[in-house]
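Number of protein chains: 2
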Amino acid sequence: YHNMKHGHLSTKDLADFIRERATIEEAYSKSMTKLAKSVNNYTQLGTFVPVWDIFKTSTEKLASCHSDLVRRLQELIKEVHKYGDEQIKTYKKTKEDVSGTLEAVQNIQSITQALQKSKENYSAKCVEQERLKKEGATQREVDKAAVKSKKATDTYKLYVEKYAAVKSVFEQKMTETAQKFQDIEETHLLRMKEIIESLSNTIKEIHLQIGEVHEEFINNMTNTTVESLIQKFAESKGTGKERPGPIEFEECNKSSAVEGIKPRKRKPFGLSGIMKKEKDTESVERSLNQLLSRAKQTRLGENEFNLLPIKPEKGNEK
Amino acid sequence: YHNMKHGHLSTKDLADFIRERATIEEAYSKSMTKLAKSVNNYTQLGTFVPVWDIFKTSTEKLASCHSDLVRRLQELIKEVHKYGDEQIKTYKKTKEDVSGTLEAVQNIQSITQALQKSKENYSAKCVEQERLKKEGATQREVDKAAVKSKKATDTYKLYVEKYAAVKSVFEQKMTETAQKFQDIEETHLLRMKEIIESLSNTIKEIHLQIGEVHEEFINNMTNTTVESLIQKFAESKGTGKERPGPIEFEECNKSSAVEGIKPRKRKPFGLSGIMKKEKDTESVERSLNQLLSRAKQTRLGENEFNLLPIKPEKGNEK
Numbered sequence: 001y002h003n004m005k006h007g008h009l010s011t012k013d014l015a016d017f018i019r020e021r022a023t024i025e026e027a028y029s030k031s032m033t034k035l036a037k038s039v040n041n042y043t044q045l046g047t048f049v050p051v052w053d054i055f056k057t058s059t060e061k062l063a064s065c066h067s068d069l070v071r072r073l074q075e076l077i078k079e080v081h082k083y084g085d086e087q088i089k090t091y092k093k094t095k096e097d098v099s100g101t102l103e104a105v106q107n108i109q110s111i112t113q114a115l116q117k118s119k120e121n122y123s124a125k126c127v128e129q130e131r132l133k134k135e136g137a138t139q140r141e142v143d144k145a146a147v148k149s150k151k152a153t154d155t156y157k158l159y160v161e162k163y164a165a166v167k168s169v170f171e172q173k174m175t176e177t178a179q180k181f182q183d184i185e186e187t188h189l190l191r192m193k194e195i196i197e198s199l200s201n202t203i204k205e206i207h208l209q210i211g212e213v214h215e216e217f218i219n220n221m222t223n224t225t226v227e228s229l230i231q232k233f234a235e236s237k238g239t240g241k242e243r244p245g246p247i248e249f250e251e252c253n254k255s256s257a258v259e260g261i262k263p264r265k266r267k268p269f270g271l272s273g274i275m276k277k278e279k280d281t282e283s284v285e286r287s288l289n290q291l292l293s294r295a296k297q298t299r300l301g302e303n304e305f306n307l308l309p310i311k312p313e314k315g316n317e318k
Numbered sequence: 001y002h003n004m005k006h007g008h009l010s011t012k013d014l015a016d017f018i019r020e021r022a023t024i025e026e027a028y029s030k031s032m033t034k035l036a037k038s039v040n041n042y043t044q045l046g047t048f049v050p051v052w053d054i055f056k057t058s059t060e061k062l063a064s065c066h067s068d069l070v071r072r073l074q075e076l077i078k079e080v081h082k083y084g085d086e087q088i089k090t091y092k093k094t095k096e097d098v099s100g101t102l103e104a105v106q107n108i109q110s111i112t113q114a115l116q117k118s119k120e121n122y123s124a125k126c127v128e129q130e131r132l133k134k135e136g137a138t139q140r141e142v143d144k145a146a147v148k149s150k151k152a153t154d155t156y157k158l159y160v161e162k163y164a165a166v167k168s169v170f171e172q173k174m175t176e177t178a179q180k181f182q183d184i185e186e187t188h189l190l191r192m193k194e195i196i197e198s199l200s201n202t203i204k205e206i207h208l209q210i211g212e213v214h215e216e217f218i219n220n221m222t223n224t225t226v227e228s229l230i231q232k233f234a235e236s237k238g239t240g241k242e243r244p245g246p247i248e249f250e251e252c253n254k255s256s257a258v259e260g261i262k263p264r265k266r267k268p269f270g271l272s273g274i275m276k277k278e279k280d281t282e283s284v285e286r287s288l289n290q291l292l293s294r295a296k297q298t299r300l301g302e303n304e305f306n307l308l309p310i311k312p313e314k315g316n317e318k
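Listed in order, the protein sequences are those of chains Y and V.
Position 94 (the first sequence) corresponds to 94 in UniProt numbering; numbering is contiguous.
Position 222 (the second sequence) corresponds to 222 in UniProt numbering; numbering is contiguous.
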């Protein structure tokens, strides 16, 4: 009966264990979400930037796997609590069912004590009778002792018989009860094993999902080649694929002279790309980037490095 | 050049990311160790107790996997820092190497400005000359304008030639430098990819180890059958495999009567197992447990349930 109660303690312990595990997983998941967000604070410049997206996505997915685990562990805890409540009902019912056994136990205890006492009494009376005989006491005394001895013998024999009857009932009740407790214990352990199986299945599934997230990360990294990163960077920073042509002598347009000189927005020469903001410091960077990007693109298989002079666009000079 | 510096920032970011991940794993590992220890606080009574050992071992191993990960991530962070230091050296060296290119950039900037000005001047002088002609100015004025126009044309032509020369040097330097920066960028990205590969390999290995811990847990749970748990419990709580025999009437030993009655330690009857402490409350539990354990053992295949009466051991009665 005590062990049956320990079964309920084990159920509570299991719920505690799962709850604690869920708490750990939740903390881990939250930290992972924070880590994924911290990627936003990293430099958003340079060739490496697209790689952070891969890290971010992967870290978010890891966080999500662990929060899935938390959700499923919490469902499992509810199941464990429900089982714990069922256990208490079973215990109450069982306590009533085995009350007859408790009586049988008490009976055998009292009959055993009585039997022991009657045996001691019989033994004492028997020895007393012998002593009187040996010491040559009066016949009256010896007879009196013999009567007492006879009475003690009868009582002793009665208790031997009574004991046998009580023992038989005790054994039957105990066997039944032991069987009942064993059945309860088996059902309990089977239920606990089911819960643990559910727990390990959940953990195993999430573990597989985490493995998939890792695989995806590895694949994404494999697909993110050095070439593709440089290509992306060149495309975002580059000023065009064609090398600016030479600047040639342009004859003055004498016809326009009659209307006088109007300040016009004109496309300045062929090196427009790097000349637009020639007076601010950006121009150095820009021209470096422009040629840098062209050189990159060339190496990346774009072999149409245009070395032909580009004629000034006369149409725009009008 | 700026992008090259961003490469170093990315390296620092990567180190930060790995450090943060290591911190998360460390917290997780510590929580798992704590969870494994908390198992000690669970009830140490009942049939379920051996299962907690499986939980404890498994949780300790999980903690150990994650602390292994922490150790390896910390090693990786050292590697990343080392690489970061190497990067700075490369940058310093490169800055010196490309100083000639900066000069070429400045040259093309100033020549472009000069060319633009000379063209505007040429255009203005040319228009002025035409205007004077059309407006019928004096020959002297027209001649003067023609001289100025000729001079502006020569200057303009000179700058067109100069520009071509400077542009050629600029293009050569820029191509070389772009190639150098591209090489540096490629080497950098390759190194970053190597570090990330090392990171994902580590995570993958630990993930496999964690999977093994889960498998071991599942196997241990499968091997821990309900029968074996009940068997273990019965063995620890049981009082023996034989059912106590009946208590029979014992003839008084008259020969001992002569020496008088001495209080002797005698083996009390056959039900000794449950009678030893018959007056304390434990006896009820003990007798229950005794028969409970016997009933269990019977069901577990021990079919030698001894129903034969055990004779009181007369040898001990002497």
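Hint data in this document are derived by calculation from the structure and do not stem from the laboratory.
Incorrect hints may have been included.
Claimed, not checked - Calculated from the model, a selection of chain Y residues having no Cβ within reach of chain V, i.e. all distances over 10 angstroms:
1. L9
2. S31
3. G46
4. R72
5. I77
6. G136
7. R140
8. E171
9. L189
10. H207
11. F217
12. V226
13. E235
14. K241
15. E250
To be verified - Derived DSS-like pairs (lysine-lysine); straight-line CA-CA distance at most 25 angstroms:
16. V:K56 - V:K78
17. Y:K150 - Y:K133
18. V:K95 - V:K173
19. V:K5 - Y:K37
20. V:K12 - Y:K204
21. V:K34 - Y:K237
22. Y:K173 - V:K241
23. V:K144 - Y:K61
24. Y:K56 - Y:K78
25. V:K61 - Y:K193
26. Y:K167 - V:K173
27. V:K133 - V:K144
28. Y:K30 - V:K95
29. V:K241 - V:K5
30. Y:K61 - Y:K5
31. Y:K37 - V:K148
32. Y:K30 - V:K30
33. Y:K12 - V:K78
Unchecked claim - To be clear about the criterion: a stretch of chain Y counts as covered by chain V if any three or more of its residues have a C-beta under 8 angstroms from a C-beta of chain V, and this derived list gives those stretches:
34. 33 to 42
35. 47 to 56
36. 78 to 91
37. 119 to 131
38. 196 to 202
Here a beta-carbon is modelled for each residue, glycine too, at the ideal position from N, C-alpha and C.
Evaluated hints:
For Y:L9, the requirement that its beta carbon stay farther than 10 angstroms from each beta carbon of chain V is not met, with the minimum near 4 angstroms. A beta-carbon of chain V comes within 10 angstroms of the beta-carbon of Y:S31; the shortest separation is about 4 angstroms. With 10 angstroms as the threshold on Cβ separation, the claim that Y:G46 sits away from chain V is violated: the shortest Cβ distance comes to roughly 3 angstroms. Y:R72, annotated as away from the interface, keeps every beta carbon of chain V farther than 10 angstroms; the closest lies near 15 angstroms.
The non-interface label for Y:I77 is consistent with chain V: the shortest C-beta to C-beta separation is roughly 15 angstroms, beyond 10 angstroms. With a least CB separation of 14 angstroms from chain V, Y:G136 remains clear of the 10 angstroms interface cut-off, as annotated. Distance to chain V confirms Y:R140 as a non-interface residue, since its nearest Cβ pair spans about 20 angstroms, more than 10 angstroms. The non-interface label for Y:E171 is inconsistent with chain V: the shortest C-beta to C-beta separation is roughly 7 angstroms, within 10 angstroms.
Against chain V, the non-interface label of Y:L189 is violated: not every CB pair exceeds 10 angstroms, the least being about 4 angstroms. Here Y:H207 does not stay apart from chain V, with its beta-carbon only about 6 angstroms from theirs, under the 10 angstroms limit. Distance check for Y:F217 against chain V: the nearest CB is about 6 angstroms away, which does not clear 10 angstroms, and the non-interface claim fails. Taking the minimum C-beta to C-beta distance to chain V, about 4 angstroms, the non-interface status of Y:V226 is violated against the 10 angstroms cut.
Even its closest Cβ contact with chain V, about 14 angstroms, leaves Y:E235 beyond 10 angstroms, as expected for a residue assigned away from the interface. Listed as a non-interface residue, Y:K241 keeps its Cβ farther than 10 angstroms from every Cβ of chain V; the least gap is roughly 14 angstroms. The beta carbon of Y:E250 is not kept farther than 10 angstroms from every beta carbon of chain V, the shortest such distance being approximately 7 angstroms. The suggested pairing of V:K56 with V:K78 is violated, with an alpha-carbon distance near 33 angstroms, which exceeds 25 angstroms.
As the CA atoms of Y:K150 and Y:K133 are separated by approximately 15 angstroms, the hinted pair is consistent with the 25 angstroms bound. A C-alpha spacing of about 14 angstroms is found between V:K95 and V:K173, which places the hinted pair at or below 25 angstroms, so the restraint holds. Between the alpha carbons of V:K5 and Y:K37 the distance comes to roughly 24 angstroms, so the proposed pair stays at or under 25 angstroms and holds. Of the supplied pair hints, the one linking V:K12 and Y:K204 is violated, its CA atoms being roughly 35 angstroms apart against a limit of 25 angstroms.
Proposed proximity of V:K34 and Y:K237 is contradicted: the alpha carbons are some 52 angstroms apart, above 25 angstroms. At roughly 18 angstroms between alpha-carbon atoms, Y:K173 and V:K241 fall within 25 angstroms of each other, so this suggested pair holds. Distance check on the hinted pair: V:K144 and Y:K61 sit about 81 angstroms apart at the alpha-carbon level, beyond 25 angstroms; violated. For the hint linking Y:K56 to Y:K78, the alpha-carbon distance of about 33 angstroms lies beyond 25 angstroms, and the restraint is violated.
For the suggested pair V:K61 and Y:K193, the alpha carbons sit about 21 angstroms apart, so the restraint of at most 25 angstroms is met. The straight-line distance between the Cα atoms of Y:K167 and V:K173 is roughly 111 angstroms, outside the 25 angstroms bound, and the hint therefore fails. Restraint check for V:K133 and V:K144: satisfied, since their Cα atoms lie roughly 12 angstroms apart, inside the 25 angstroms limit. A hinted pair counts as satisfied when its Cα atoms are at most 25 angstroms apart, and Y:K30 with V:K95 does not qualify at roughly 43 angstroms.
Only pairs whose Cα atoms come within 25 angstroms are accepted, and V:K241 paired with V:K5 is rejected, the gap being roughly 82 angstroms. Of the supplied pair hints, the one linking Y:K61 and Y:K5 is violated, its CA atoms being roughly 43 angstroms apart against a limit of 25 angstroms. A threshold of 25 angstroms between alpha carbons decides the hint, and for Y:K37 with V:K148 the separation of about 68 angstroms lies outside it, so the pair is violated. The straight-line distance between the Cα atoms of Y:K30 and V:K30 is roughly 16 angstroms, inside the 25 angstroms bound, and the hint therefore holds.
The straight-line distance between the Cα atoms of Y:K12 and V:K78 is roughly 45 angstroms, outside the 25 angstroms bound, and the hint therefore fails. Coverage of the region 33 to 42 of chain Y by chain V holds. Counting CB-CB distances below 8 angstroms, 4 residues qualify, and the rule asks for three or more. A stretch counts as covered by a chain when three or more of its residues have a beta carbon under 8 angstroms from one of that chain; for the region 47 to 56 of chain Y and chain V the count is 6, and the coverage holds. Taking a C-beta to C-beta cut-off of 8 angstroms, the region 78 to 91 of chain Y contributes 0 residues in contact with chain V, too few for the three needed, and the coverage statement is violated.
Coverage of the region 119 to 131 of chain Y by chain V holds. Counting CB-CB distances below 8 angstroms, 8 residues qualify, and the rule asks for three or more. Judged by the Cβ-Cβ criterion of 8 angstroms, the region 196 to 202 of chain Y is covered by chain V as claimed, because 3 of its residues qualify and three suffice.
Checked against the numbered hints given earlier, this structure breaks hints 1, 2, 3, 8, 9, 10, 11, 12, 15, 16, 20, 21, 23, 24, 26, 28, 29, 30, 31, 33 and 36; the rest are met.
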